[in-house]
Amino acid sequence: MDMFSLTPLEWEALHLSLLVSGWAVLGSLPFGIGCAWLLARRDFPGKALFDGIIHLPLVLPPVVVGYFLLVMLGRRGPIGGWLWDWFGVTLAFTWKGAAIASAVVAFPLMVRAIRLSLENVDRGLEQAARTLGCGPLRTFLTVTLPLVAPGLLTGVILGFARSLSEFGATITFVSNIPGETRTLPIALYALTQVPGGDAAALRLCIISVVVAFAALLASEFLSRRVQARMRG
Amino acid sequence: MLDLSIRRQQGDFRVEVDLSAGAGVTALFGRSGSGKSSVINMVAGLYRPDSGRIKVDGKVLFDSNLGIDLAPERRRLGYVFQDARLFPHLSVNGNLTFGMNRVPVHERRIGFDDVVEVLGIGHLLDRRPTKLSGGEKQRVSIGRALLASPRILLMDEPLAALDSQRKAELLPFIGKLARQFATPILYVSHSMDEVLRLSDTLVLMDGGRAAAVGPVEELLSRTDLRPLTGRYEAGAVIRATVAGHDSTYGISRLNFTGGTLVVAKVELPVGTPVRLRIHARDVSIAIDAPPRISMRNVLPAVVKSVRAAEGWLTDVVLDCGGTDIWSQVTAHAQAHLNLVPGMRVNALIKALTIARGDMADRA
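Here the protein sequences line up with chains A and B, keeping their order.
86 is the number that the working numbering gives to position 86 of the first sequence; each next residue is one higher, with no gaps.
1112 is the number that the working numbering gives to position 112 of the second sequence; each next residue is one higher, with no gaps.
Some hints here could point you the wrong way.
As the list claims (entries may be wrong) - A short list of chain B residues far from chain A (calculated; beta carbon distances all over 10 angstroms):
id, residue
1, 1022
2, 1046
3, 1076
4, 1077
5, 1089
6, 1111
7, 1130
8, 1214
9, 1221
10, 1245
11, 1251
12, 1262
13, 1313
14, 1314
15, 1337
16, 1342
Claimed, not checked - Chain B regions said to be covered by chain A (calculated; three or more residues, Cβ under 8 angstroms):
id, segment
17, 1051-1065
18, 1186-1194
Claimed, not checked - Across the chosen pairs, the derived CB separations fall in these ranges:
id, chain 1, residue 1, chain 2, residue 2, range
19, A, 83, B, 1014, 34 to 44 angstroms
20, A, 122, B, 1068, 22 to 32 angstroms
21, B, 1362, A, 226, 20 to 30 angstroms
22, B, 1068, A, 123, 47 to 57 angstroms
23, B, 1060, A, 72, 48 to 58 angstroms
24, A, 83, B, 1134, 30 to 40 angstroms
25, B, 1362, A, 123, 30 to 40 angstroms
No lab work stands behind these hints: they were computed from the structure.
The beta carbon of each residue, even a glycine, is placed where N, CA and C say it ideally should be.
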């Protein structure tokens, strides 16, 4: 075996990791923007509680999050049962469930980054857009969102990186199923549990480092591009 | 064109303004905190009045009795902010067309090329706002507001953030806008120079109220409004017409009802109507016309009123052939001359004291 080509098992784990993390980030992004907007711009009763709930996965052990998801979204759980009865959809022990577990764990990081940059947007520019004939929604899409693009990018990359490294919630909620839920960290963990798996585990470590590093570099490159565009 | 009757309580401060103004430039003048910006923001729909009515160009934008309160985007106004507020993520071109694109094509009455030409911003179209100077930013901002084909252009101290040279460059543009694009302007300012140069109607704001509304010449010539127009600004504003130039000596002659004024040469064609301010402290009074004197303007006048002012000063209003000219003399001079209404005197004015900033082309 050539040192630089990946084994089918490694490909499978890498592919699953990217698929799960990609869907976790893209699927939760609209909600992330919505929550960040609520927290940055609106005052409502129970805001502190809402803020707390969003941040909970950041401070809870991931196993707790995974167990909670299993209870709620498992086929006999209150939400999971309903999904199964009405749509025939199962989340537990599938890659979709892994994506949800990753999304929940990564959500607070994403919301924090977007919220911060929303708070820094000059409201005067939004007022200017309003006087120029844009309603609130169009103002948000054409002025606010482009202005928070750097924060959005940071949020997405942070979320993606957190999803890639997600282990505890995933293994609790969707277990370790080859080809379905065995992402890079889970495959790595499995290899460390069998005798003689050290070399293969090291290879997975290197793959993880390369993917994470590539994500960071891409984010740095994109955020420079965005900054340069603003400066003209 | 503009009918306002609005009330709004802001903490301890109450804004209560009733005014109507015609076409051209209506200037809201007052100290900071006098409520000028609150008024313009209520017209724009960014602040909500507690009660009242706002009507612009026949369209009711706000009426608390009828329950009308149009959102800012539905008012079709152009707002030029003090800090320009250009969108940093768009090019100059993108900024200019931002509002224009929201207006249906058949309702656009102001052409892109015209605006770009008048404001002289054609060479900036591809740039980003961060690469523009303060004056350029403000021009683009004015263009952006105009291209939205607004019912009225709202300008909130658009020149306040610029240095005096940029101000001098931009002032004539703004003066032209109202006429060239047939758009009334509501102009907020605390600079009497700008007001004098631009406004057709002046609104003196004080403590949240419109203390006086009327033509600039009239309001600035009223002694009772002095506390609002400012001590330094004290002076008569008169209408005149450019009558001729004398290049040999670098002077121009202006005709007005009281005779001919000689001033430092102005670059305006003969026949141009102008408005000029003669500061009260620049006008001296002589009972007999002095025979040999450097002052170029010796105008026969009749004393109209004499009033003691604060600080050992005396305010004298002179009737100069139907035009009021103010003079401010020391109490000591008044004791010496003993001026009384009806007395025939001469008003003496140095040609040099009428500077370019005191004169506005009203063509």
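Structure-based check of all given hints:
no. : hint                               : verdict
1   : 1022                               : 23 angstroms, holds
2   : 1046                               : 6 angstroms, violated
3   : 1076                               : 7 angstroms, violated
4   : 1077                               : 6 angstroms, violated
5   : 1089                               : 4 angstroms, violated
6   : 1111                               : 17 angstroms, holds
7   : 1130                               : 5 angstroms, violated
8   : 1214                               : 29 angstroms, holds
9   : 1221                               : 36 angstroms, holds
10  : 1245                               : 44 angstroms, holds
11  : 1251                               : 46 angstroms, holds
12  : 1262                               : 47 angstroms, holds
13  : 1313                               : 44 angstroms, holds
14  : 1314                               : 48 angstroms, holds
15  : 1337                               : 56 angstroms, holds
16  : 1342                               : 55 angstroms, holds
17  : 1051-1065                          : violated (count 0)
18  : 1186-1194                          : violated (count 0)
19  : A:83 / B:1014: 34 to 44 angstroms  : 58 angstroms, violated
20  : A:122 / B:1068: 22 to 32 angstroms : 30 angstroms, holds
21  : B:1362 / A:226: 20 to 30 angstroms : 49 angstroms, violated
22  : B:1068 / A:123: 47 to 57 angstroms : 25 angstroms, violated
23  : B:1060 / A:72: 48 to 58 angstroms  : 53 angstroms, holds
24  : A:83 / B:1134: 30 to 40 angstroms  : 59 angstroms, violated
25  : B:1362 / A:123: 30 to 40 angstroms : 39 angstroms, holds
Comparing the model with each earlier hint shows violations of hints 2, 3, 4, 5, 7, 17, 18, 19, 21, 22, 24; every other hint is respected.
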